[in-house]
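With the sequences and hints as input, model every part of the structure.
From first to last, the protein sequence lines stand for chains A and B.
Note that the first sequence covers residues 1 to 631 in full-length UniProt numbering.
Note that the second sequence covers residues 1 to 631 in full-length UniProt numbering.
To be clear, the hints were calculated from the coordinates, so they are not data collected in a lab.
Keep in mind that a hint or two might mislead.
Because identical chains share one entry, a pair is satisfied inside a single copy or across any pair of copies.
[Stated by the list, open to error] Lysine-lysine pairs mimicking PhoX-like chemistry, simulated, CA-CA at most 25 Å apart: (1) 261 with 399; (2) 487 with 418; (3) 510 with 293; (4) 399 with 263; (5) 462 with 546.
Source: prediction; values computed, not measured.
2 protein chains.
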Amino acid sequence: MTKSRFINKAIPMIVQYLILTLFLRLNIINSLPHPLDPLSPAEINNTRDIVQGSYLGAIPNLTYHFVDVEEPDKKHVLEWLSSNTKEKPIIIPRQAKVVVRAKSETHELVVDLTKRSIVSDKIYTGHGYPPFTFNELFQATKLPLTYPKFKESIAKRGLNLSEVSCVPFTIGWYGEKITRRALKVSCFYRGGSVNVWARPIEGIIVLVDVDSMQITMYNDRYIAPLPKAEGTDFQSSSSSRSKTSASCDVSDIGFSINGNKVKWANWVFHVGFNARAGMIISTASIFDAKRNKYRSVLYRGHVSETFVPYMDPTEEWYFRTFMDAGEFGFGRSADTLQPSVDCPSSALYMDGYMAGPNGEVQQIRNGEPELTLVVRMVATVGNYDYVLDWEFLRSGSIKVGVDLTGIMEIKAVPYTQKSQIEERVFGTLVAENTIANYHDHHLTYYIDLDIDDNSNSFINAKLQRATAIGSGTPRKSYWTVVRETAKREAEGRIRLGLEPAELLIVNPNKRTKQGNEVGYRLIGAQPVTSLLSDDDYPQRRASYTKYQLWVTPYNRSERWAGGFYADRSSGDDGLAVWSQRNREIENTDIVLWHTVGIHHVPYQEDFPAMPTIHGGFELRPANFFESSPLL
Amino acid sequence: MTKSRFINKAIPMIVQYLILTLFLRLNIINSLPHPLDPLSPAEINNTRDIVQGSYLGAIPNLTYHFVDVEEPDKKHVLEWLSSNTKEKPIIIPRQAKVVVRAKSETHELVVDLTKRSIVSDKIYTGHGYPPFTFNELFQATKLPLTYPKFKESIAKRGLNLSEVSCVPFTIGWYGEKITRRALKVSCFYRGGSVNVWARPIEGIIVLVDVDSMQITMYNDRYIAPLPKAEGTDFQSSSSSRSKTSASCDVSDIGFSINGNKVKWANWVFHVGFNARAGMIISTASIFDAKRNKYRSVLYRGHVSETFVPYMDPTEEWYFRTFMDAGEFGFGRSADTLQPSVDCPSSALYMDGYMAGPNGEVQQIRNGEPELTLVVRMVATVGNYDYVLDWEFLRSGSIKVGVDLTGIMEIKAVPYTQKSQIEERVFGTLVAENTIANYHDHHLTYYIDLDIDDNSNSFINAKLQRATAIGSGTPRKSYWTVVRETAKREAEGRIRLGLEPAELLIVNPNKRTKQGNEVGYRLIGAQPVTSLLSDDDYPQRRASYTKYQLWVTPYNRSERWAGGFYADRSSGDDGLAVWSQRNREIENTDIVLWHTVGIHHVPYQEDFPAMPTIHGGFELRPANFFESSPLL
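See below:
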């Protein structure tokens, strides 16, 4: 994963933006803005004008690293939602959260768009940095091309400098007391292949100090043969994906969009975006025909962080332990603030589409056609594509899926045949001179369920063997369900798969007619745990990947599992740290954090582009309804 | 699950048979029969004529329990396949394997259809019995209706006998030294509901001795209220499923059927059926464009056994520990041999259909539309539907899926509210007076992979943490892959999920150009282990469910994980017993046995019919091709 997160972005941006526009123009009804609506293009421009008009505007080289709607108070949002009048009695001020860098300092601003002023301005002095801007990444990759030693290295290899493209890598944190914003730049040879990732110029490492935008370390350690171009022709072509995305003619199946609010079958929910998470699903409720009302299920769900460590400890690879969402952003946008690309910039990678009769998913069961609706985002982060799906089923289930595909991150080696390899390698020889290195993908989802209101409990309902001896029958054993309510956060940290259990989120204050607590169930992803040692630096930064499930009390400021400032973070902020407080999580507003993990051992079939690997989980009603909602 | 495996079968039989006919008439080309073709209607009739013409025909009440093509020698089949001429030089005689019962003895016959004679006739004297015939099941369920004590019980409950339907249950084995063929019959009240399963007449148990067809034990232990009919209207209606099955117009996507041979995209394979397994996939090969030839992947794959224990140890429930495939049969057919239903009887539950542009599955990735083909069988075994899919992807993957849906097996109780329950119950109160009992589904697949020929090895490629200390970089750890070749069967018994590993089946004699062993990888189902105690009788019969993966050397007689004679089996035959021999499994013809398990804790949404629960696994090329076959 990773490699420049921006190369080849220009074309997909436009294509995908047009699709989104098409998508949003379907069946649009005028309405009040939803408090969780992402900032509109006008609001983004206004935000920028307000900041530029303040004292900050006078500072040279002010850079914008994060611009998003300021998280409104959940209480206010819920009040706003439950007020039924067209003229909402509650006015939630539109505010933007902005992170800028000025004079090598990180400013956290809250901009009030109604008051047209900065209402909060704090300087962040902790560990870690906001994501790099597009320009910073771009400039860093251009530096080697004019750097004499690099030109020498290229000449020494007999290559043509005009065919060289470089990509920026975040560098992680390895115990430094004081860090600087820096990138390591790695270069590739385009000559003969449209697949920019296929021909790494191995052995060179370039360290760029980003605040001064200078190369501060250069090492040409060794020369490896350039992998051949033949057989690598492949481009991540999001334009082809868009063909399916056009199937938006679904007005006949009871589907409508009102602003960012989607209504389909028995579901209503809000689709938002930001630069970091990409697509965000909010305030999803399902209509209960028996009770004749909408009942809340999910206040918010989105990707919180991704952790992608590579398993090669050598000089040019050891630092590749990416936290894509935090370091680069699945939405990738707020860094630009350019009129040509930023409206609404957060939608850049949204292939929003709805599956209808001729769409993506159609299941027929029990005489009841179970149509589903899939909201999809494709995040093409450099070499990798993440296809992120939120699927809403009439049965009440929400299925969250992630398909990984795209191009492997490869390393050039002298070998053409496995039998030649004598040293230790850290991946699979997938083609001549080409090793695809072992790595992981851990995608952590933020899932703020509000099951029929926001006082919820988490129940680990364990399946335990019981003895049948003495029952009067010849059976010796059976299993039964032992429900354990998690009282504090420590009981909400779970390694899946160690023992059979149903993982339930219930509202202990609401029961079905039969007296069962209303709830939803998490059917988890295949349990995958990070295998790095606990004291290894990348693992300290992503220590939350040691459990696949965490439960925390809702806290407005806790959304990003790896901490808000992921770049060069040291692990002193984030889910694992918050959870250490061991707060109460019973009968209160709680949040689940679930990690979909994949250990990726590459095979030759994954080259030059890998067939899809799927992961995902399901949120399924469990005594939420009185009976099957399909009948 | 079970409950009469034949009630409501008449209509689906016909509907589904017509669909199959439609399906098989698509694009049919005349050709030699494939040696693995199921018996044709004419062959079944001939088989019956030959048996009836023998000394057995003179025995009164001869019953047919199993009729299938006799498994041909694999060596001969492979020779037949590899001979390329239209006039195959090898003639494999058409033979039928027949199990009949005569004078309370079980005869295993091999009938040669060319010689028109019985070439082998053995009496089976071991534990267990073949499945009941349709007539036996039917007669057993009619017995209570004329049994005075039962009529008394119905009258005592104030019910109308004409509204009572009974269903037969297999009874398992509980340590008896000598067993008889017997069923327990349980009855339901139809009045007011079309859902025959909704209103159990609880507290009565009827034991039927099948060879004498008499009630040998009757117990009316207690009376429970009849669950109400309201809200239960639901019938397992396979007719609705058939709507999708008609989408067979796929001639434009390179799909053809030649007899039972299916050719699609880069795949060619054979689809067979038998009464026990249902759909059987055989001799699947994939075209390798780089090598310009078809390469073998799978010699045979099908459901081998299912184990469905209920978790209620009380008198009326403890014995419900079904082995559906062996006791009843996923194909359900050979018991009939009646002209009206037996042509070809093994196809009765086959909803064969192929997904094309408007079909079931269509994935678009990387600019390459990854069309897939799904071969589906729906086994409506009584109250439950098993939707069994074999999906062939152009990427070389085979995805095997099972969707569970249908009607819960329920128990009548006096309670309408959970708070009233004071005794121990063994399930969830899903409606008034209605408990849906806890249970498991373990589906064990037989998977005889022949990766590029049939000398294969199984490799447990473990992902193990390694230290990076001393590597000269600040990284402390990474993981690497340690490949362990299983030499004997003990090393092929694996509980999935205990440690991270890639499970590979390789051909150690064939390598890619880069020198990697060609192979396939099993991406297993969610690891689920039976929780019954090892010494419990149902568990002894299904002891193979303690591991999710077994590897055995190919043996023509080893196909049914729970033993061939599953009814009343004692666990002295089957996978766990064979594997105890600890045979060599390296670089030889090997078979994988993989169990897809689901612990089912019912919820109110599962009543009266449950939304689909999905399980499955993937067989994925792993250095089988030189590079991605999609490009």
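How the hints compare with the structure:
1. In the homo-oligomer, the alpha carbons of residue 261 and residue 399 lie at most 25 Å apart inside one protomer (19 Å), although the nearest pairing across protomers, at 36 Å, exceeds that limit.
2. Proximity of residue 487 to residue 418 under the C-alpha cut-off of 25 Å is restricted to the inter-copy arrangement: shortest distance 23 Å between copies versus 54 Å within a copy.
3. Taking identical chains as interchangeable, the C-alpha atoms of residue 510 and residue 293 lie at most 25 Å apart only when both belong to the same chain, with a minimum of 15 Å there against 63 Å between chains.
4. Only within a single protomer do residue 399 and residue 263 lie at most 25 Å apart by alpha-carbon distance; the minimum there is 17 Å, versus 33 Å between protomers.
5. In this homomeric assembly, residue 462 and residue 546 come within 25 Å of each other (Cα to Cα) both inside a single copy, at 21 Å, and across copies, at 19 Å.
Hint compliance for this structure: every hint is met.
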